[in-house]
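Whole structure, please, built from the sequences with the hints as guidance.
Given next are the chains, with one letter for each unit.
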Amino acid sequence: MAKRITTPLTEETVCKLVAGDTVLISGTIYTGRDLAHKKLTDALKAGEQLPFDLAGAVIYYVGPSPAKPGKPIGSAGPTTSYRMDVYSPLLIEHGLRGMIGKGNRTQPVLDAIVRYHAVYFAAVGGAAALISRSIKQAKVIAYPELGPESVQELVVEDFPAVVVNDIYGADLYEQGVAKYRKG
Amino acid sequence: MKEIAFEQVRDTVAKLCIDANCVLGDDMVQAFRRALNQEESPTGKDILNQCLANQEIARTEMMPICQDTGWAVVWVEIGSGVRIAGGELADAIREGVAKGYKEGYLRKSIVADPLRRKNTGDNTPPIIYTDIVPGERLKITVQPKGGGSENMSEVKMLSAADGEEGIKRFVVDRVARSKANPCPPVIVGVGIGGTFEKCAMLAKHALLREIGSVHPDPFYAAMENDILERVNNLGIGPQGLGGRVTALAVFIEAFPCHIATMPCAVNINCHAARHKSVVL
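The listed protein sequences derive, respectively, from chains V and P.
Using my numbering, read the first sequence as starting at 1 and increasing by one per residue.
Using my numbering, read the second sequence as starting at 1 and increasing by one per residue.
It should be emphasised that the hints constitute simulated quantities derived from the structure, not laboratory data.
Treat the hints with caution; some may be incorrect.
[What the hints assert, rightly or not] Pairs of lysine-lysine, DSBU-like flavour, derived with a Cα cap of 35 angstroms: (1) 99(P) with 139(V); (2) 3(V) with 102(P); (3) 68(V) with 45(P); (4) 99(P) with 38(V); (5) 99(P) with 39(V); (6) 179(P) with 71(V); (7) 71(V) with 45(P); (8) 168(P) with 182(V); (9) 71(V) with 3(V); (10) 168(P) with 179(P); (11) 276(P) with 198(P); (12) 182(V) with 156(P).
[To be verified] Computed far set for chain V versus chain P, every beta-carbon distance over 10 angstroms: (13) 43; (14) 90; (15) 182.
A quick note: this is a predicted structure, and the numbers were derived from the prediction, not measured.
Every residue, glycine too, gets a C-beta built ideally from N, C-alpha and C.
Structural data, given as structure tokens:
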């Protein structure tokens with residue numbers, strides 16, 4: 001049974017999430033991938049204002065395909081997360097609480113998740129047409145020059161994801177694979 | 001000599017880009033259904049069901065299966081008796097890719113320079129492989145290739161002494177290290193022989209084979225089966241969250257080899273294994 005959660009994520013919400021939970025996320029989330037992450041962390045280091053409030057925020061690693069007329073967004077599945085790993089710990093330290101992507105994270109990110117109480121969700125990579133149905137509104141709020149890498153504010157309803165890394169240090173990638181490995 | 005108009009090639013390529021990105025092959029859909037029967041993990045089953053629902057939405061609404069609509073890799077077989085009227089073949093393909101990616105609302109994912117990384121804005125240039133064949137036909141295949149799975153690919157120069165087992169170990173290890181990143185269940189393309197770059201091309205070309213097809217050489221058919229079994233025993237499963245189905249197929253293409261070498265390339269395709277062909 002999927003857990004329904006809303007953004008911004010609170011301390012209380014992330015405490016209840018454990019690796020393996022399926023969740024349906026509703027509320028506002030922000031898109032961001034490689035170049036946007038570089039710009040966000042550069043801004044943080046320079047003490048500049050970010051284009052959105054990081055406190056309790058959820059970032060979705062996605063570079064959507066263009067929206068057809070009358071649609072809020074095109075296909076929008078997750079991109080591979082490890083490319084953001086060099087930037088994520090600083091963002092988490094400054095309040096980022098949720099990340100949605102696909103694939104394993106490196107140790108510094110896992111450490112930051114436990115230390116600052118954040119959570120990493122996996123969405124189904126490639127299920128981009130299906131996921132786009134849960135995205136009701138989309139608006140570019142920063143770095144429009146980056147094209148598919150710009151930062152967008154998305155309003156989502158029942159966005160499907162799975163908890164991979166929780167505040168207790170569990171990792172569904174490790175546990176799941178160990179369970180089914182043969183030989 | 002058969003003449004094919006520049007515009008016909010351009011428009012054909014444009015349509016192939018859109019169709020390939022929005023309509024997954026029936027062989028892939030069947031492979032998902034078989035995988036669903038084979039998968040034991042509840043999360044894995046849920047993911048495979050999402051993959052099936054996703055391709056259905058993409059097909060009916062003509063929207064991309066995956067937001068990463070890829071590099072346009074274009075394979076051309078052009079008969080020596082074919083002439084393109086009104087322009088150059090490569091230009092027609094390039095214009096077709098730009099047209100298809102614009103009109104199909106496909107994502108533009110190509111940057112003009114690997115370090116300065118400015119988007120070209122129209123998903124060009126395509127990667128074009130041209131084979132001149134006998135006759136008067138022109139076969140065009142568009143294979144949009146996503147970046148996530150491409151990043152998990154590798155070439156290794158093995159030596160003859162490494163043998164069949166060395167190849168198998170390298171391929172299985174490459175999939176094992178890829179974990180969730182290439183969006184499993186994956187298709188594994190393997191190129192063996194040729195030169196350093198030829199084996200990589202063979203591995204990419206192998207990804208065009210129909211799922212369920214058997215290698216014509218029983219030696220390689222057995223090798224494909226053995227690698228597939230070992231890969232699925234890794235437990236990586238759909239999306240790397242654990243399960244029985246890590247790969248849907250392993251396809252090998254072999255080529256003559258220099259006495260001093262044994263190159264091997266692994267090109268991994270995500271579960272959105274897209275390609276469409278037309279013969280003009």
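Right, here's what the structure says about each hint:
no.	hint	result
1	99(P) with 139(V)	holds, 26 angstroms
2	3(V) with 102(P)	violated, 39 angstroms
3	68(V) with 45(P)	holds, 31 angstroms
4	99(P) with 38(V)	holds, 32 angstroms
5	99(P) with 39(V)	holds, 31 angstroms
6	179(P) with 71(V)	holds, 34 angstroms
7	71(V) with 45(P)	holds, 30 angstroms
8	168(P) with 182(V)	holds, 17 angstroms
9	71(V) with 3(V)	holds, 27 angstroms
10	168(P) with 179(P)	holds, 17 angstroms
11	276(P) with 198(P)	holds, 23 angstroms
12	182(V) with 156(P)	holds, 26 angstroms
13	43	holds, 19 angstroms
14	90	holds, 22 angstroms
15	182	violated, 4 angstroms
In this structure, the hints that do not hold are numbers 2 and 15, in rising order.
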